[in-house]
Amino acid sequence: MNFSEVFKLSSLLCKFSPDGKYLASCVQYRLVVRDASTLQILQLYTCLDQVQHMEWSADSLFILCAMYKRGLVQVWSLEQPEWHCKIDEGSAGLVASCWSPDGRHILNTTEFHLRITVWSLCTKSVSYIKYPKACLQGITFTRDGRYMALAERRDCKDYVSILVCSDWQLLRHFDTDTQDLAGLEWAPNGCVLAVWDTCLEYKMLLYSLDGRLLSVFCAYEWSLGIKSVAWSPSSQFLAIGSYDGKVRLLNHVTWKMITEFGHPAAVNNPKTVVYKEAKKSPPLALGHLSFPPSRAGACPLTATAESRYEVASVPVSLQTLKPAADRANPRMGVGMLAFSADSYFLATRNDNVPNAIWVWDIQKLRLFVVLEQLSPVRSFQWDPQQPRLALCTGGGKVYLWSPAGCVSVQVPGEGDFLVLSLCWHPSGDSLALLSKDHFCLCFLETKEGTGAAAGLRDGHV
Amino acid sequence: MGDWMTVTEPGLCAESNNISQYTSETKMSPSSLYLQQVLCSSIPLSKNVHSFFSAFCTEENIEQSISYLDQELTTFGFPSLYEEPKSKEAKRELNIVAVLNCMNELLVLQRKNLLAQENVETQNLKLGSDMDHLQSCYAKLKEQLETSRREIIGLQERDRQLQCKNRNLHQLLKNEKDEVQKLQNIIASRATQYNHDMKRKEREYNKLKERLHQLVMNKKDKKIAMDVLNYVGRADGKRGSWRTGKTEARNEDEMYKILLNDYEYRQKQILMENAELKKVLQQMKKEMISLLSPQKKKPREREDESTGTVISDVEEDAGELSRESMWDLSCETVREQLTNSIRKQWRILKSHVEKLDNQVSKVHLEGFNDEDVISRQDHEQETEKLELEIQQCKEMIKTQQQLLQQQFATACDDDTTSLLRDCYLLEEKERLKEEWSLFKEQKKNFERERRSFTEAAIRLGLERKAFEEERASWLKQQFLNMTTFDHQNSENVKLFSAFPGSSDQDNLTVHSRPRQKKLHSVSHGSAICTSKMTKSLPASPTSDFCQTRSYVSEHSSVNVLNITPEEMKPNQVGRECSNQTWSVASRPRSQEGCYSGCSLTYTNSHVEKDDLP
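Keeping their order, the protein sequence lines are chains A and B.
For the first sequence, the numbering used here gives the first residue as 27, with consecutive numbering after it.
For the second sequence, the numbering used here gives the first residue as -14, with consecutive numbering after it.
Any given hint could be a false lead.
[What the hints assert, rightly or not] Straight-line C-alpha distance at most 25 Å; calculated DSS-like pairs for lysine-lysine: (1) B:K418 with A:K305; (2) B:K264 with B:K194; (3) A:K156 with B:K264; (4) A:K156 with B:K194; (5) A:K302 with B:K429.
[Stated by the list, open to error] Computed beta-carbon distance windows for the label pairs: (6) B:V265 with A:R357: 16 to 24 Å; (7) A:T285 with B:L168: 51 to 59 Å; (8) A:N355 with B:L193: 37 to 45 Å; (9) A:Q411 with B:M381: 39 to 47 Å; (10) A:C182 with B:L168: 57 to 65 Å.
The hints are simulated quantities; they were obtained by calculation from the structure and are not laboratory data.
We put the CB at the ideal spot given by N, CA and C, even for glycine.
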């Protein structure tokens, strides 16, 4: 495992291009595009203000930089550096901006969700979509980029519009039986749309592409409901994490629940492996003589203290937080969940056990591994190519899990590099580690590119 | 004195009943008169009773006393004391004899009465004690009654309390339920209120939004614009198309196409899954049939019992070929037949297995216990060995640590040398650290090895057990076949089937194809000998087969044909014949089956069984 040198970054804006060739990162008002393997700067664009959002187009030809404060979006072309495009939403304001799947249209959501403006890069045409609903996940595109589902709110009722992305024609429009729609998501095969209600009610609705209601799922009533939703890449399972600390798996044939994964604080099953991150303790178990710990003197900070994984003997009780019952959005329930690329594993985090990641075996439908960290898990992401999970806890380390085992790696470099977020290269060969104002790349396989990157001298941008 | 009369014996009493009445009437007796007199005169009672009674008759009143006594006695039925008067004027004379008689009678009476009194007294005593006993009993019972009454009261009290509690709890439950209901109602009402308010707010918000929209969008905001250097081509290279009804229809078409594709894909998957399952089912059925077929080909009487099933099975077997093609055609027609047949087969198999299980559990309770222990011993030995190895490794590590410590110590001795050595030491340290990690790795490996070995040992034990069971079941099955097949030779069969597998089995199973014909003829020749021999064999089931074999070879050597022991393979012959009858005998594991088969065919060949199919 090799690490590149550290580069400057702001607002955690660092993204690999979808084709994996480039790496774009933002530093204040500048956009830097590098070669993803050599990390050489290929392009440098200057925006009008500090970039708040940055996104690659699906064909990796354009980059969108949104400056919400100014209501501005700037688009840059990788092929033609002199090409420029600036979209000004004016007094309508801007709260969100994203690419359409074809990479030729930009969807801008104005302030107060008054409308969504669809700007085309090919023609002068501008389309407006009225009544978009202000919710967490109100727009979703099918994986093939043909259709877009949009949550709408009219006359105090929730509607879903399905639009054809090629010409922005309305294909279907139907109302949903929800109190307050919270989100929607296409199945990866693009034929089923999952729509869920606000957390006040546990309700999951499944619609076919042609607007037929396929099924309704409600696990319980009265208490807080759905917190997170994820489709398996095979479209076979829909995992629903809820505030009761459980994940429910629905199947794609009957849309009934297959199983329920509870997240108790005590792990009792002897078949489950519990990896526990432990501070590396100087006295070794075998002998009485201790080797002087090499880094203890150099790094007194706890964030960079040596630690490693230990396999805990199985009746393990995990550290739990007591959620404040009198506050809104309590820290409890399954707030993060993700399937591995091959759909064999599901990683979840229960928010009142923030230090632990549960990894479930979907083939056997049972708990496979629990990783307990020393500090709360900030984010985790599956390798897009193989069952390998990377996670970070806001400390100076990155952690990797695969069915073969578990490893924690200290990010090298002077000063402390606190990993707040990470993202995989589409090939799964490297990993971008993002801290508050720096990022570096972690190369997992020794390749000729790595050496070049390591030897690369690059001025601070 | 009246009392006296009442306690007379019943016989006497009946007699004297009227008499007493009479006496009561004649109250005026001289003695009573006298008594009154005496009492009145208040003579001091210091005189004894005797003297008092002797005072009854005095010199003066002899006559009177006699007459009084006579009167009294006659009233009691005694004869008169006076002689029968000769004449009316003559004075009545006292009859001494009568007096004496009367006296005697009175004495007798007196004695009798005394006796009676005694009896009565004892009876009285007895009754008194009885009374006492009964009284005590009564007291006791009374006490018991009291206690039980108290208990009952206590229990009633408790019951009452519990009922009270229960009522309270019911009340509480009801209250709670009411509370829950109330809370739910509150929640519901609040929710509706909230929803209502939300709606109101949302309407207001929408109005505001609308207004804002008008204000912001209709102002012809110059700022809302896109500034592009030049428009770029579409990603697909095509030009945008006009929106018409056609495009709408095309979109619909495409959508349905996508949906159809998805459904087709899923159907294909389901079909594939179905086909797989069908295949498995078919295979299972075939295997079941093959497994159960030896049972089917049982003696006639068995066949008669289960004629229906066998016939249907035969039909199925016959229709197997046509069936194969039917599989692919449609499931509907075949499904029912298939499931039925599978179910039937399964039932047969299940009952069979259960039967075997029962037998096996009986026979093999003691069988594999010691073997299990052996495997455990093996395992323990191995773990010991591994532990020893680990120990050695630990020691090695320790010595290295010590060496390192020494090095440190020496390094501390001299500053200058330590400075010189520092770099070396660092290097050494690094190296040692590496070694250390290596050793840890090794230790881990050992641990893993140990674990895997224990697992393997356990698996081995299980496998052995399974194998034992299988062997036992085979034995049983074979035995069953034998017994049902040939009743005459049942004792021979038992003898052979009980023979445990030995190392000889391996070379016994070696075949020699070209010799089979010869052997067959040989078997005919030696058949009589073996059949005789088996009868002469000791009946103990542990008889060594080697013995029997040698015995066989001896007998066969009597024949003109000269056969080496290797050629003289009884199981080979047995296989030859039994192949037609049982497919079971051809299974490689069932060497015992071969033995039994051999014995059977030996006997069969000369008996010329008529019940062979």
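We went through each hint and held it up to the structure:
no.	hint	result
1	B:K418 with A:K305	18 Å, holds
2	B:K264 with B:K194	64 Å, violated
3	A:K156 with B:K264	56 Å, violated
4	A:K156 with B:K194	11 Å, holds
5	A:K302 with B:K429	18 Å, holds
6	B:V265 with A:R357: 16 to 24 Å	49 Å, violated
7	A:T285 with B:L168: 51 to 59 Å	32 Å, violated
8	A:N355 with B:L193: 37 to 45 Å	26 Å, violated
9	A:Q411 with B:M381: 39 to 47 Å	42 Å, holds
10	A:C182 with B:L168: 57 to 65 Å	27 Å, violated
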